[in-house]
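Work out the full structure, taking the sequences as your base and the hints as a guide.
There are 2 protein chains.
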Amino acid sequence: MLATVIHGERDIRVETVPDSRLIAPTDAVVRVVAACVCGSDLWPYRGVTPVTAPRRIGHEFVGVVEAVGADVAAVAPGDFVIAPFYWCDNSCLNCRGGVSTSCLHGGWWGAPDREGHLVDGAQGEFVRVPLADGTLVKTPGAPDDALVPSLLTLADVMGTGHHAAVSAGVTAGSTVAVVGDGAVGLCAVLAARRLGATRVVAMSRHTDRQAIAREFGATEVVAERGDAGVEAIKELFDGIGPDFVLECVGTKESMDQAIRSTRPGGMVGYVGVPNGGAELPIRTLFSSNVGVNGGVAPVRGYIEELLPEVLSGSLDPGRVFDLELPLGDAAEAYAAMDERRATKVLLRP
Amino acid sequence: MLATVIHGERDIRVETVPDSRLIAPTDAVVRVVAACVCGSDLWPYRGVTPVTAPRRIGHEFVGVVEAVGADVAAVAPGDFVIAPFYWCDNSCLNCRGGVSTSCLHGGWWGAPDREGHLVDGAQGEFVRVPLADGTLVKTPGAPDDALVPSLLTLADVMGTGHHAAVSAGVTAGSTVAVVGDGAVGLCAVLAARRLGATRVVAMSRHTDRQAIAREFGATEVVAERGDAGVEAIKELFDGIGPDFVLECVGTKESMDQAIRSTRPGGMVGYVGVPNGGAELPIRTLFSSNVGVNGGVAPVRGYIEELLPEVLSGSLDPGRVFDLELPLGDAAEAYAAMDERRATKVLLRP
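Chain order of the listed sequences is A and B. Those letters in the first sequence? Residues 1 to 349, by my numbering. Those letters in the second sequence? Residues 1 to 349, by my numbering.
Hints are supplied without guarantee of correctness; some may be wrong.
The list cannot tell twin chains apart, which means a pair is met if one copy fits it or any two copies do.
[Claimed, not checked] Each computed SDA-like pair below joins lysine to any residue, with the alpha-carbon atoms no more than 25 Å apart:
| hint | residue 1 | residue 2 |
| --- | --- | --- |
| 1 | K252 | P281 |
| 2 | K138 | R225 |
| 3 | K234 | L104 |
| 4 | K138 | E125 |
| 5 | K138 | L311 |
| 6 | K234 | G107 |
| 7 | K138 | R340 |
Hints in this document: simulated from the structure, not taken from any laboratory.
Pasting the structure below:
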C-alpha cells in the first residue's frame, strides 16, 4: 500500500509501505477515504522539529472499516468512521473525565503502540486502528461525499477549535477574539459563534482567511499584531478587552497577544501546540485575573456532539479546505500549506 | 493617632502619624475596630521585598465610620463596616465584570492615591477610605464582638480562599486538594467544602494547622511535599489526582506542587501572590489539559455573598486567628507569624 513518509526538512514522499493488518484483537483496519495535512505537520516539514529518521506522518482521516479484530464490537466492515487525531479506549478514568488525549491506554498515529508495533500515519491508503471500539465513531449510514470535508474536520481542527472555546468557557452573549487564522483558528470562530458569542473578532492579515472567518460568523476582523493588535482589540471592547481570547497558534507571540488582549477576569482558551521556549507570565496573569485553560484537544468526545450538526448541514467547517489533491501529490500539499497558497489541503488516496 | 510603620527588615514600629482626615468628597474616615497581619506583610518584614523608606502597612480592617465626605451616600457615621484589602468604586466596567481588584479608579492601602495623597495602612487607629461608597460594606446593625474575627476575614483571607475555589470552578461533588496551610489555605478548605466538594485534602506539615483544616472540613491531610506530595495526592484519587487544586502560597514549589497534583483536565485555582521568578510551564499544562485560573482576589464582591453566613454563625472563618494583641504590640504580632508561633494575628487598636 501507499503512504506518506517524511524523510527530512521539506522532503515528503509517498512510498510503498507494509500493508496495514490486524495485530491485536481490538484493532480495526480502515480504508482511508480522506486524510489531510495539519499545521502541526509543517513543523517537522520546516525543520522546526528535527526528523532524525524517515517516519510515517498524518493524524487526520475518515474512511471505511475494512476488517476488525475478534474483540471489536462497536464497528464492523463497511462502516464509515471518523477517527480522532489519536487513539484511545474512550473508557478509562481520563477518557471518562473528558480528557481522552490523556487516555491511560491510548497513543498517537505514526508512533509505536505500547507493544512496540508501529501505528500507521493517517496520510496513507489504509490505517491500523488500535482500540477501535474506543477510537472510532461511525456515521449512521454512508454519508454523501460532499460531507466528507466537514466530517474530516471532526478528526482534529473543528474539535480543536471547539476545545479552545469550551476551555475558555465561551457562553451565550459573551465576547471573543481569536488569535490565529489557520484552520483551527477559523474553526474556533465557528465554535465560539455556535456557543452563542455575540461578537467574535478574527485576528488575520490574509484576505482569503478573513473571508472564511466572516463566513464562519466573525463580526469583526483585526489585522494588527503585537502592541497595535492588543490596542485594536481592547479598543473594540470598551478599552478593556473581550471576555475570552482563543489562542490557536502556539508561539510566544500569539500567547502574549492572547493574554494581553483579554479583559481582566477573562480567560484564554488555548490549543496551539506550544512551540519555542516561552512559559506563561504568571505576574501578568495574577494581577489581571486572566486564566489560561486548554491543551491538546480531546476531540474524540466532541465528535458525537458535533456530528449531527455536520450531517444536517447546519455546521459546515469543511470550508477550511481550499485545496484537494490525490494522495500521490502529498508533497505538493505540504508545499502549498507551507507557502500559504492553501489554508488546509485534503488528500484523497 | 497611632499606626504601624515598617522601617526595614524585621523593623516594625507603632508610631504617631498624621490624623486621618477627609480629603475627597467621596472619602470616609473609619475608626479601626480590628486589623491584622497578612502572610504577604511578611515579605517586606523578612526582606524578601525591600523596604526602601519607612512606610505604612496593613490592608485588612473592620471598623466604625467616623466621618464621611459630602458625596458619600451608602455609609454614614456609626455604621460598622468591612473594607476589602484594596479600595474601588465597585461600579466601573471591571468591578461590574467581577474584577474589582482591577478597578479603573481604585488602589491600595498604604500607597498614594491617584491625586498623590497617601492612603493610610490598615494597622492603625483610623483609616481614610477613598471611594467609600464602593469600598465599604456595612453590616446590618452593630455586630456582636465575638463575630469580629470572622468579619475581619472577609477583608482578605476568607474572600481570597473563596476566590481560589471559585477560580478553579469547584462544584458540588468534586474533589479538591489545597496547597498551603496559612490562613488563606485554611479558608480555601472551608470555601471548597462550602461549594460542595465532597473530598478536600489539606497539604500541611503542622499539627495545629492540620487541626484547623479538619475543623474547616478537610477530609484528609497529606504532610508530604514535592515528588512525594504529588505521589501521595495522586494515590488518594485513583492515581490521577483530584479535579481541582487550590494554590495558596505563591512560590515556584507550591505552584509546581499544584499543577503536578491536578488530574488531567482539571484546574488549578491560585491566589498565592507570585514570589520568585518562575513562570508557568506551558508544555506540562498543554499535555495534561490542566488549566490555571485566579489572581489577586476581588474580595469586595464576595463580602456581600459571604456576610449573611458569617452573621448567622454558619460560616466561622475567624478560627484562623489564633493570637490577638493590642495594636501597640504589632512588632510581636509580626514576629509571632514570622516564627510560625501564630497562624494569623488580630490587632486591636
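Checking each numbered hint in turn, tell me which of them this model violates, lowest number first. Those not satisfied are hints 2, 7.
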